[in-house]
Each structure stands twice: as C-alpha cells, then as structure tokens.
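Keeping the supplied structure of chain L fixed, place chain F upon it in accordance with the hints.
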Amino acid sequence: MKKKQKKIKNINQKSFYFEEYLKTNKKSKFSKKDDNLQDRIYLLFFFFLSLVLVFSIKITHLSLSKTPSFNQEIRSSNFTLIRRDITDRNGILISRNINSSHAAVVPKLVKNKKNFIIKLRLNFPELPINKIEEKLNVGKYFYLKKRIDQFERKKFRALGEKSIKFESFQARMYTHGNLFNHDVVGQVDYDNYGISGVEKYFDRELKDKKLLKTPLRLTLDTNIQYIVSKELNKAITTFKATGGGALLMDVHSGDILSLVSLPNFNINKRLTIKDKKYTNKITKGVYELGSIFKTFTIALALENKLVTSKTIIEDIPRSLKCSIHKISDMKDHPKNLSVEEILIRSSNVGSVILARKIGELKFKEFIKNTKLLKSPELEIEEVGVPHKIKWNKCKLETIAFGHGITTTPLQAASIYSAITNGGKLIRPSLIKDRKREEFKNLISVETSKTINDILRKVVSSKNGTAYFADKNGYYVGGKTGTAEGYGSSKDRVNTFISVFPTNKPKYTLLVMLENPQINKELIYDYRGVKTKAPYNTSGWNSVYAAGKIIEKIGPILAINSDEFTNQYVVEKFN
Amino acid sequence: MFRSKIFISTIIFLIFLITTSLIKNQTRILEKKLYKLNEKITLKEKDINESQLDFYFLTSPAEIDKKVKTLDRNYLPIKNSKIFLSLSNYRSLQERISVINNKDEKKTKEN
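Sequence lines, in order, name chains L and F. For the first sequence, position 74 matches number 62 in our numbering, and the numbering has no gaps at all. If you want our numbering, it's the position in the second sequence, counting the first as 1, plus 53.
Just so you know, the hints here were simulated from the structure itself, not pulled from any lab data. One or more of the hints may lead you astray.
[To be verified] Pairs of lysine-lysine, BS3-like flavour, derived with a Cα cap of 25 Å:
| # | chain 1 | residue 1 | chain 2 | residue 2 |
| --- | --- | --- | --- | --- |
| 1 | L | Lys494 | L | Lys428 |
| 2 | L | Lys540 | F | Lys122 |
| 3 | F | Lys89 | L | Lys46 |
| 4 | F | Lys99 | L | Lys134 |
| 5 | L | Lys445 | L | Lys345 |
| 6 | F | Lys58 | L | Lys21 |
| 7 | F | Lys58 | L | Lys198 |
| 8 | L | Lys218 | F | Lys97 |
The structure presented is a predicted model; accordingly, all values stated were derived computationally and were not measured.
Just chain L, with the same shape it has in the complex (with noise of 0.2 Å):
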C-alpha cells in the first residue's frame, strides 16, 4: 500500500509537476504581459519624470540667468532712415532725416473743452485757436500742430491732456537752413516725398533700401556757397537790388560749386510761396543778357576766320540803322577798333558789323549746338524755358549784342565755360558721383585761346568794362551785359560772367542783380582813383561783386597763381 501510495505519490508528483510545468509556463506568459506593462508604465514615468526635470532645469536656469527684461526705451527707439542723406562734394552734410512727431488731438478724450481752448490760447498763442474749436466740435482726429520740436512735444505734454497724442513721423532736416536754394537742394513733404529741386529729381534713389547708408554727394561746396551767398547779400543791400544770383562752375566737368538765387528762405520750413522774387533766377529766370552774347559773336568770328583778334574794323558808325530799329553805343568809342577792342569796350555797332559779316546761318547752327533755346539740361525740374525768336528783319543785328534773345544764366555760364576750356561743350551738374560724358567740340583750342586772351583784356586794359574783378593773381577775365528786362523796359539785370585764371581756365563765375541802383555813399578805388559810380552799369556793381567774391574764394579753390607767388618773393625778400 505504501508503494502504492509512493507510487500514487510520485505519480501525483509527477503530475504535479507536470502541472507546476504547465503553471509555470502559464505564469510565465502572464508575467512576461505584466513585465511589458510594468516597463510601459515605468518608461512613461521616467518620460514624465524627465519632462519635469528638463522643465525644472530649465526654470531654475531662468531664475538664475540675470538676463534683464527689455527696456521699453530701448524697444521704443526702433528708428531706421527711410532716405538717403545729402552731402555736399566734401561730404558735409546738407540734409537727413530725423525722427519728429505731430502734435494731434483725439476729440472724444477731451473732458472739458472750455479748459482745453484756455490751456493752448495760453501756451501756443500761435496756434488758430478758432479752427482747433470748430475741429474739436465736429469730433474726428486732427493734427494741432506738424512737425513739433523737443521743447514744444514737452509743453504740449506739460498740458496734461489725455487727448493729446504725438505721432511719430521722420522729418527731413536741412543743417544749413537757407543757405541753399529750395529749387537746387529742395524739399519733401510730410510723407517724405520729394516735392522740389533735387530732393524731387532723385526721390526714388533716394529712398532706395540698397543704397540708404550711402549718401547723395552733390557737387555744391558748402564753405564756397556761403561765401558766394554772405557776398552776393551784401551787393544786393548795397546797390539796392531787388534780388540777385550767383553762380560757380567748373569749366572741365560742368560740377556746380555754388548756386545762390536770392531772396530765399529757411527750407526748413514749409512755406506756400506765391511771390515771383523767389523764383531761381539762375536755372529758372530766362533774361536778356545784353553784351553777354557779344563774346560768342567774336567767338563765331574768329572761328570762321572772317578776322583775327587785331583785325580793324574801319570807320564804325555811332549808330546803325536796322529797319526802323537804331541801334547805338553808350559810350563814344574810336571810329577804328580792333576786333578784340570791340568786346572790350562792348561796342554794340561794332559786334553788329561782326555778326552781319558771319551771317545768320552760323549764327542759327551755333544757337542749335548750344542748345541757347531750350531748357537747360540739370538734375532739378525747376528749369526755365527761352522764349522762341523768329528770325525777322533784325533779329541778327539785335543778337549780336544780346537783345532779342533770351535764355537762363546757368546756359550762359555754360556756354562761356565751353567757349574758355578750349572749346568743349560741357553739361552742368549737380551730382558729383555721376558719369561722365564725351561732348563735341563748339570752337577749336586756338579760338577758346584767344577769346581766353580777350576776356583778359576786358578785366585788366585801361578800356575795359570790368576792371573791379581783377584780383591779383587769378587772372580774371569776363564780361559784363547790362540789360532791360525782357518785355519791361522797367527792369534791369546786371551781368558779368568771369573766368579764372584765364591762363589756365578752372571756373566760371555768373554774378548777377536785378534792379541794382546806384550807391551814392559808396566810393570804389578805380585804378588808384576815389570816384563814385558814373554808370549804373554792371561795372559798377555786379562786377564790384564778383571781385569780392574772387578774391575771398580764391584761396579755397587754391588757384595756383605763379603771378601771385612771384609778387610774394619780391614782397618777401625786400
């Protein structure tokens, strides 16, 4: 029995462990399921617990960092150009923009609006307090004032009113005021828009994104323009003109070194101007120009060889007869004169007898070559346009000496640069980074010589019309045309149009006055003699001008002069 059960036993055990086996394997199974879920659920904790601890790292770090928050200042000075600056040839500054603000009022803000009229009668009497009434009792925003500065932004403020708001804008500013023209350097609108001069010409280059670091050079010379300016102010105040212009060239490149037309006015501020006197008179005012045009008759002359500078012209008549037209000399000349003493003494018959000996056709060719009657080429739009002539019985006779033609003082100055550089037309610019370009010759080097040898004479003989312009050891040469308005016999503008040094042209300076009177109380030194002026001529006035303005810019422009240095070795060594 024993063994029976021994062997039920071990049969059972057996069996048991069969079972056990079988449970086992069982068990394996549902332990290897629950191991899979158990890692699942540990991944997802060690995955939690990561996250937080890269989050708690990460705030901990925050803590720590001492990083400061942003300044509002900092935030609020968000400020980049929106144009180009300009710069004068020397890269002085002319004009930028800055950044400003308007004054505006949000009438819904406004508590009390008896307090609010009070409060601005009080502090800005200027401002026209009915109107700002009639806006805040229609109620939509509007600008109390444009363009505030710091000190007037603090005094609005100073107001406390909630309803005042300052918004932001970038004003354009000019460093030296009214010390350059409106139509040359220009101005823009409050959206900064180019609305005049060159500040129109080139507003989508100046406002080119590429290009904004880089300023427009222009080729002005501030130091020389305030020369010309400060000078050109004077001679007005003295003859008593009613306005004047001034105008500086190279001869080589055409680069315009200074351009004054005066009056003018601060364009820094934005004026609606109606009056005629602010016009350019330089690149914008079309004149007669009198005895200025009879250099270019001797030009043609000489050119054509029809004379030579010695050539005499026999038995000149005081007067000529030209259809029902006379025309005659101011002064008594010789009845023989040379050719090159007709522009000096600026005989009007003697330029006459010239012109009738080239004929019209040379005269037609050389005022289409000049292009005299159109506009003149420049990088503004305030340009004038010559009136057309008609080629009647005398219109010859009547040019030879600058009658019966107009054209504007920047096309003269531009021709007499041609005609004195040796013979090169040139383009006048204002823009000194530009290129450059190739033009045909007016007249040979040999005439341009001669001419150069005359204009000379006109400033330094005893007969000639310009002695106040000769500055020693610049070698100026010019002439003067003194002349009736154009259709207005009222008015008068006095000319001269220098170059310098003669020897070696560099520049070609326009000085120029509307209505000039004779100043009694003044007494020029002429040739060694205290003589009031005789003449209310161009040599008594715009000439005096000129000279003064020579002999100031002179050194600036740094006018090698060997005249001048001899002199000083003498000077020096005695």
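The following block gives chain F in isolation, referenced to the frame of chain L:
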C-alpha cells in the same frame, strides 16, 4: 536584452530631449542678445546721426561766422601767398627765396 534596448533608446531620447531644450534655450538667449544688440546699435546710430547733425550745424560756415563775431580776437582771412598746395610747392618757394638771399649776400659782400 529587450530592456537594455529600451533603456538605451530612452537614454538617447532623453539626451536629445535635454540637448534640444538646452540648445533651443541657448538660441533663444542668443536671439534675445542679438535683438538687444541690434537695438543698441540702432540707438547708437540714432545718437550718432543726431550728434552728426548737431556737429554739421554747429560747424556750418554761418554758425562759425556768428561765433567769430562774438569773440574778441580779430580773425583775418589767410592770404593766398600763405597757402601752399603741397610740400614741394612750399619747398620750391623756399629754395627760390634762399637763392635770392644768397645772391643778395654775395652782392653785399662784394660791395
């Protein structure tokens, strides 16, 4: 084996997670710094712009002319003779003066 794989991949995942967050955080900090530096640059540019504007206004010929008038000193324009275009220009002039001086000395000695 299986656990080790999970463990390794978890560790790699965590490393990437942490490094990503760290890099992102650093980038953000750098971006902030860059932004702030750019702001400072624009602020400085604005200051320079305005001070240049002041400089050009204060050194404009009209302003200098005004200031000269307020000073007691009499400023005179420089004579052309005292302006030399180059050093060679100045030296040639000096040489010419010295030649004339020498000649004159010889003459005075002879006399």
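Checked hints:
| no. | hint | in the structure |
| --- | --- | --- |
| 1 | L/Lys494 / L/Lys428 | 19 Å, holds |
| 2 | L/Lys540 / F/Lys122 | 18 Å, holds |
| 3 | F/Lys89 / L/Lys46 | 22 Å, holds |
| 4 | F/Lys99 / L/Lys134 | 22 Å, holds |
| 5 | L/Lys445 / L/Lys345 | 24 Å, holds |
| 6 | F/Lys58 / L/Lys21 | 18 Å, holds |
| 7 | F/Lys58 / L/Lys198 | 57 Å, violated |
| 8 | L/Lys218 / F/Lys97 | 36 Å, violated |
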